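**Student:** One-letter residues, chain by chain:
Number of protein chains: 2
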Amino acid sequence: MAKRTGEKYQAIIEAAVKVIAGSGYHNAQVTRIAKEAGVADGTIYLYFENKEDVLISLFRTKMGQFTASAEKELSNLEDPFEMLARLIHLHFSRLQGDRNLAAVLQIELRQSDPSIRKNISQIIKEYYNLIEQIIKYGIDRGSFSPCMNPNVARKIVFGSLDEVATCWVLSARRYSLTDLTVPVYELIARGLSTDGKAPPFPVEILPLH
Amino acid sequence: MAKRTGEKYQAIIEAAVKVIAGSGYHNAQVTRIAKEAGVADGTIYLYFENKEDVLISLFRTKMGQFTASAEKELSNLEDPFEMLARLIHLHFSRLQGDRNLAAVLQIELRQSDPSIRKNISQIIKEYYNLIEQIIKYGIDRGSFSPCMNPNVARKIVFGSLDEVATCWVLSARRYSLTDLTVPVYELIARGLSTDGKAPPFPVEILPLH
Numbered sequence: 001m002a003k004r005t006g007e008k009y010q011a012i013i014e015a016a017v018k019v020i021a022g023s024g025y026h027n028a029q030v031t032r033i034a035k036e037a038g039v040a041d042g043t044i045y046l047y048f049e050n051k052e053d054v055l056i057s058l059f060r061t062k063m064g065q066f067t068a069s070a071e072k073e074l075s076n077l078e079d080p081f082e083m084l085a086r087l088i089h090l091h092f093s094r095l096q097g098d099r100n101l102a103a104v105l106q107i108e109l110r111q112s113d114p115s116i117r118k119n120i121s122q123i124i125k126e127y128y129n130l131i132e133q134i135i136k137y138g139i140d141r142g143s144f145s146p147c148m149n150p151n152v153a154r155k156i157v158f159g160s161l162d163e164v165a166t167c168w169v170l171s172a173r174r175y176s177l178t179d180l181t182v183p184v185y186e187l188i189a190r191g192l193s194t195d196g197k198a199p200p201f202p203v204e205i206l207p208l209h
Numbered sequence: 001m002a003k004r005t006g007e008k009y010q011a012i013i014e015a016a017v018k019v020i021a022g023s024g025y026h027n028a029q030v031t032r033i034a035k036e037a038g039v040a041d042g043t044i045y046l047y048f049e050n051k052e053d054v055l056i057s058l059f060r061t062k063m064g065q066f067t068a069s070a071e072k073e074l075s076n077l078e079d080p081f082e083m084l085a086r087l088i089h090l091h092f093s094r095l096q097g098d099r100n101l102a103a104v105l106q107i108e109l110r111q112s113d114p115s116i117r118k119n120i121s122q123i124i125k126e127y128y129n130l131i132e133q134i135i136k137y138g139i140d141r142g143s144f145s146p147c148m149n150p151n152v153a154r155k156i157v158f159g160s161l162d163e164v165a166t167c168w169v170l171s172a173r174r175y176s177l178t179d180l181t182v183p184v185y186e187l188i189a190r191g192l193s194t195d196g197k198a199p200p201f202p203v204e205i206l207p208l209h
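Protein chains in written order, with the numbering used here: chain A, 1 to 209; chain B, 1 to 209.
Bound-form chain A, shown alone (with noise of 0.2 Å):
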């Protein structure tokens, strides 16, 4: 088993997104890589099988420290709208602070390939998983509806955030994500909720990021 931890690992994840973001996953060599994470090519095999392990590595080691991050952020609330609310804003937030990795995760992630799609979908569990707990939790709460089906809402909240972000990395014109998360918390934080009122964005969320 390849090592997965150390400088020249997370140097290396950080230069593919760079290359992949900049030629494509199918453009892009691993030589290239190497270049720019500054290792000789024979090192990249010591901690990747193949170009595949080195787009399914970037994506756990991505995936995991927002999923991670993201937790411990909602951890200390108490109210599902503004867990809600936090966890839209990190998203956003999150691919807007960097548009390669959106790029590689919007995009170049998206392949048809039966073995990455397996791998990413095992590695997204997780987030699934944080937003089904935050819809289980709002249900509990008495604040969203509790005839909804948590996976089925899952679906929706996750389907919304990937579409919206989606479209921003394709987009030709250039705007903000993040100015985008106040419209896409009401409409869905409406939807959720028990009664249709959903309370406003806590706004004192934005500028913290």
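Since the hints were made in silico from the structure, they are not lab data. Worth double-checking, as some hints may not be accurate.
Note that the list lumps identical chains together, so a pair holds whenever it fits in one copy or between two copies.
[Unchecked claim] Computed cross-link-like contacts, BS3-like style, restricted to lysine-lysine with a CA-CA straight-line distance of at most 27 Å:
#1 18 - 125
#2 3 - 62
#3 8 - 51
Values in this document were obtained by computation on a predicted structure and should not be read as measured data.
Position chain B relative to chain A; hints supplied.
**Tutor:** Coordinates of chain B only, in the frame set by chain A:
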């Protein structure tokens, strides 16, 4: 310019759906598509420039048929909520009715290749416009929230339907996609509504398809 109509053209499109769904776009051979369509290999090149052109034409044909029939069906309706309900039902029942087509649309078309992506996004615009028209109409009629940005709302509606459909295609467990029509409608309709109250799903829609 190659011919874009006729029996053989249609037969090749149908064959391509089957072969691409079965082997994946990258492994799908033009020879296999020709054999499946019952035409000579060379005949394909009377209609299509290459395999990429087959994929894009397939999407154009299928998406064009879907959008046209949805427009026609919705044109008789007056209530924005009913239009939304019917759109969700049409979207899900079309995919459920042709599992091969669903696999091509939800998985194989999601190629990161820029030229494929550009063509796809041109073609899907008509469907995006249809969704956005329903939203604008609902706002004008006072049914949908006037605070909403129709473009953001469109991304939420499409993203939700798309994610629910992709999970259905990829699921190892077989279940009915159209069974999710009502829960998806309820959440989205409440989210779009002015007062957080959406009329119940018009059940007479369901047995018709």
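**Student:** All hints, please: hold or fail.
**Tutor:** To see whether the hints hold, each was checked on the structure:
Proximity of residue 18 and residue 125 under a CA criterion of 27 Å is satisfied intra-copy only: 25 Å inside one chain copy versus 30 Å between copies. For the homomeric pair residue 3 and residue 62, the shortest alpha-carbon distance inside one copy (17 Å) is at most 27 Å, but the shortest distance between copies (47 Å) is not. In the homo-oligomer, the alpha carbons of residue 8 and residue 51 lie at most 27 Å apart inside one protomer (16 Å), although the nearest pairing across protomers, at 40 Å, exceeds that limit.
Violation of the numbered hints given earlier is absent; every hint is satisfied by the structure.
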